Amino acid sequence: MPTDSLNTTFAALADPTRRAILARLMKGEASVTELAEPFAMSMPAISKHLKVLERAGLIERGRNAQWRPCRLEAGPLKEVADWVEPYRNRWEESFQRLDEILLELQKKERNHGRQ
Amino acid sequence: MAANSSTFTLTTPSDREIVITRMFDAPRELVFKAITDPTLIPRWWGPRRYETIVDKMEPRVGGTWRFINKDADGNEFAFNGVYREIVPPERVVQTFEFEPMPGHVSVDTMTLEEVDGKTKLTSRSLFDSREDRDGMMQSDMESGVRETYDRFEELVQEVQKNQRAA
Chain G
10 MPTDSLNTTF
20 AALADPTRRA
30 ILARLMKGEA
40 SVTELAEPFA
50 MSMPAISKHL
60 KVLERAGLIE
70 RGRNAQWRPC
80 RLEAGPLKEV
90 ADWVEPYRNR
100 WEESFQRLDE
110 ILLELQKKER
120 NHGRQ
Chain F
512 MAANSSTFTL
522 TTPSDREIVI
532 TRMFDAPREL
542 VFKAITDPTL
552 IPRWWGPRRY
562 ETIVDKMEPR
572 VGGTWRFINK
582 DADGNEFAFN
592 GVYREIVPPE
602 RVVQTFEFEP
612 MPGHVSVDTM
622 TLEEVDGKTK
632 LTSRSLFDSR
642 EDRDGMMQSD
652 MESGVRETYD
662 RFEELVQEVQ
672 KNQRAA
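As given, the protein sequences belong to chains G and F, one line each in that order.
Residue numbers for the first sequence follow my numbering, beginning at 10 and rising by one.
Residue numbers for the second sequence follow my numbering, beginning at 512 and rising by one.
Check before you lean on any hint, since a few could be wrong.
Here are the simulated lysine to aspartate or glutamate pairs, EDC-like style, with alpha carbons at most 20 angstroms apart [what the hints assert, rightly or not]: (1) G:60 with G:38; (2) F:567 with F:610; (3) G:116 with F:548; (4) G:116 with F:610; (5) F:631 with G:102; (6) G:60 with G:82; (7) F:631 with G:109.
These are calculated hints, taken from the structure and not from any lab test.
The structure displayed is predicted, hence computed values, not measured ones.
Could you put the whole structure together from the sequences, leaning on the hints where they help?
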């Protein structure tokens, strides 16, 4: 497990502004100005966030000198998803079995009610 | 019941916490009864491929619990803890220890709320330190990491959708 790169990804994802930026980039590439729009933040502050995301490999900046559009890089997110999956599965599988038990208990209660 | 799977969320509100939420199609009295009944634990606790044996379960304040997971090859690993609070039908607070990693104990608070005739289960695990939490996530209880963030799930789902589409 490439823990170091996962740590970098998690650190980058820990900030709500950076998550919002990534969510925006899901819809397609955007300029720094466009990304800054929804936030009450200075351009340097946004640029700082973008640098963190870029270092974590979560985004890529275009080489176009005019506006250098930002693009999402899906690889690291996928890596985190793969890591979370087993834990999530363990609980979701338990809960699905609990769903079945609850259904059964409710049926039993209804039958008792009829008698 | 598949609809309820989509209500599963996992978040980390702080460095030492993991919070899971899930909806159930049943009144909370029934959910409470089901999760505190020792005879039902083997039927739902843990992944299907493991047999779950209730070695001990005393759902009262100060009572202890110990469950054993056993795989098809007969390998066993156990979990244990102490009940700190039992408030039917709304709350259970208990400690949680994975025996292969002794001493790294979390305090798990499970609350049940009724929402439109359904029950929302919230399980909050609080660890002593970030290291403990991450250690638990990386332990071979095949738990993976217990991390995710607000909006993270939708981000990932979106990414996977886009990848499939590409």
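If you draw a straight line from the CA of residue 60 (chain G) to the CA of residue 38 (chain G), is it 20 angstroms or shorter? It holds: about 16 angstroms lies between the C-alpha atoms, which stays within 20 angstroms.
Verify the proposed pairing of residue 116 (chain G) with residue 548 (chain F), using a straight-line Cα cut of 20 angstroms. holds (18 angstroms)
Does the structure keep residue 60 (chain G) and residue 82 (chain G) at a Cα separation of 20 angstroms or less? The given pair, whose Cα atoms are some 14 angstroms apart, holds under the 20 angstroms limit.
Between residue 631 (chain F) and residue 102 (chain G), does the CA-CA distance stay at or below 20 angstroms? Within the cut-off at roughly 17 angstroms; holds.
Taking only the CA atoms, is the gap from residue 567 (chain F) to residue 610 (chain F) under or equal to 20 angstroms? Given that 20 angstroms is the threshold and the Cα spacing comes to 14 angstroms, the pair holds.
Pair hint outcome, residue 116 (chain G) versus residue 610 (chain F) [Cα-Cα no greater than 20 angstroms]: violated (37 angstroms)
Between the alpha carbons of residue 631 (chain F) and residue 109 (chain G), is the straight-line distance 20 angstroms or under? holds (16 angstroms)
Violated hints amount to a single one, hint 4; each of the other numbered hints is respected by the structure.
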